[in-house]
Amino acid sequence: MQLAIAVAVRVLVVTAIVGVIGYIIDRSQDRRNNKGP
Amino acid sequence: MNLANLTHLHLLLNHFPTVGFLIGLGLFLAAIVGKSENLKRASLVIFFLIALLAIPTYLSGKAAQQAITGRPDVPEALIEMHQDSALLALVFMELTGFVAWLGLWQFRRISRPARWNLTAVFLLSIITFGLMARTAIMGGEIRHPEIRTEGTVGSDTEWLKSASIATFVNTTAWAWPLNETIHFIGLSLVLGVVLVVNLRILGVMKNVSFAALHRLLPWGILGFAVNLITGILFFITIPEQYTQNVALHWKVVLMLIAAANVLYFTLFEEAWALGPGDDAPPTAKVIAASTIFLWIGVIYFGRMMPFIGGSF
Chain A
494 MQLAIAVAVR
504 VLVVTAIVGV
514 IGYIIDRSQD
524 RRNNKGP
Chain B
2 MNLANLTHLH
12 LLLNHFPTVG
22 FLIGLGLFLA
32 AIVGKSENLK
42 RASLVIFFLI
52 ALLAIPTYLS
62 GKAAQQAITG
72 RPDVPEALIE
82 MHQDSALLAL
92 VFMELTGFVA
102 WLGLWQFRRI
112 SRPARWNLTA
122 VFLLSIITFG
132 LMARTAIMGG
142 EIRHPEIRTE
152 GTVGSDTEWL
162 KSASIATFVN
172 TTAWAWPLNE
182 TIHFIGLSLV
192 LGVVLVVNLR
202 ILGVMKNVSF
212 AALHRLLPWG
222 ILGFAVNLIT
232 GILFFITIPE
242 QYTQNVALHW
252 KVVLMLIAAA
262 NVLYFTLFEE
272 AWALGPGDDA
282 PPTAKVIAAS
292 TIFLWIGVIY
302 FGRMMPFIGG
312 SF
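Just so you know, the protein sequences line up as chains A and B, in that order.
Mapping of the first sequence onto our numbering: residues 494 to 530, in sequence order.
Mapping of the second sequence onto our numbering: residues 2 to 313, in sequence order.
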């Protein structure tokens with residue numbers, strides 16, 4: 494149980510980091526285009 | 002492939018990350034000085050392709066090590082140093098490839114990359130070339146005692162140590178399951194984007210323009226990056242499971258072709274020009290179908306590693 498929680502917490506942290514990087518790339522595109530695709 | 006062939010492969014591939022990268026760097030500098038947009042794009046493509054080729058170069062190095070390990074004339078410490086130096090160089094090489102690809106993606110969208118992008122590529126490529134050259138020299142010294150300098154063997158200066166990483170993953174209960182879970186999330190990200198983008202080219206959801214879907218490509222590349230990091234971690238932790246694993250060999254071959262396919266969508270005009278309701282030209286459809294096929298192959302051979310390749 495402890496292992497399951499330890500893995501889950503770390504998975505969430507890494508996923509959040511990847512998500513933030515993707516989000517930043519995506520937003521920077523918006524700013525440059527000044528509009529959506 | 003057996004150890005001897007993998008060693009040949011390593012000896013062949015190891016020239017690309019240094020010589021090929023130098024050519025890319027030269028082109029890149031010429032492009033900046035000559036203010037040539039086409040040359041800039043060409044050098045970014047070279048950086049991206051060399052970053053891809055660096056992956057099998059790194060992986061085959063472990064097999065080359067296994068082939069010569071234990072010989073009295075081969076200093077084990079030098080091989081370890083070469084390997085650790087290669088790992089650090091690989092990290093910077095992949096980072097350069099990623100940023101170079103982002104530049105190509107921006108070129109496609111807004112006809113020029115952002116200013117930060119070219120500066121980042123410039124700095125990263127200089128560092129990468131230095132690290133790669135250092136790795137290459139160490140690699141040469143393994144079988145060429147005549148070029149060894151005093152004190153090379155046994156100096157312990159590496160930042161990233163493969164042995165320490167392997168020990169950490171092997172002795173930490175959560176490390177392998179975490180890596181495995183993240184690898185699957187990365188896979189979902191890659192396959193999700195691959196399916197959406199390529200199915201549109203094939204004629205599904207025709208009302209969506211390609212430019213709208215092009216926006217998703219960085220998420221796919223991000224998934225690829227996640228899987229590269231986690232995949233290399235698996236490899237470093239138990240290399241014996243992977244070096245001669247025929248399923249991994251196929252997986253890497255298919256993955257490299259599939260990854261190079263993404264250039265079609267970032268470089269060429271055909272797909273980009275697809276507006277809402279447009280039908281893609283046959284070339285684009287062939288590339289789209291092959292990309293889906295290749296990624297399914299990557300997943301198949303990844304899953305088959307224990308069954309065909311005998312790992313675990």
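Calculated from the structure, these hints are not laboratory results.
Keep in mind that a hint or two might mislead.
Okay, the calculated bits of chain A under chain B, using three or more residues with CB under 8 Å as the criterion [to be verified]:
no.	segment
1	494-502
2	510-524
Quick list of simulated restraints, FRET-style, between CB atoms [as the list claims (entries may be wrong)]:
no.	chain 1	residue 1	chain 2	residue 2	range
3	A	Ile514	B	Ile111	19 to 25 Å
4	A	Gly512	B	Glu181	48 to 54 Å
5	B	Phe308	A	Ala509	21 to 27 Å
6	A	Tyr516	B	Glu181	42 to 48 Å
7	A	Gly512	B	Gly141	23 to 29 Å
Selected chain B positions facing chain A (in silico; Cβ < 7 Å) [to be verified]:
no.	residue
8	Gly27
9	Ala31
10	Pro178
11	Leu179
12	Trp220
13	Leu223
Don't be surprised by glycine CBs; every beta carbon is placed ideally from N, CA and C.
**Asked** Which of the listed hints are broken here?
**Response** Hints 4, 5, 6, 7, 8 and 9 are the ones this structure does not satisfy, whereas the remaining hints hold.
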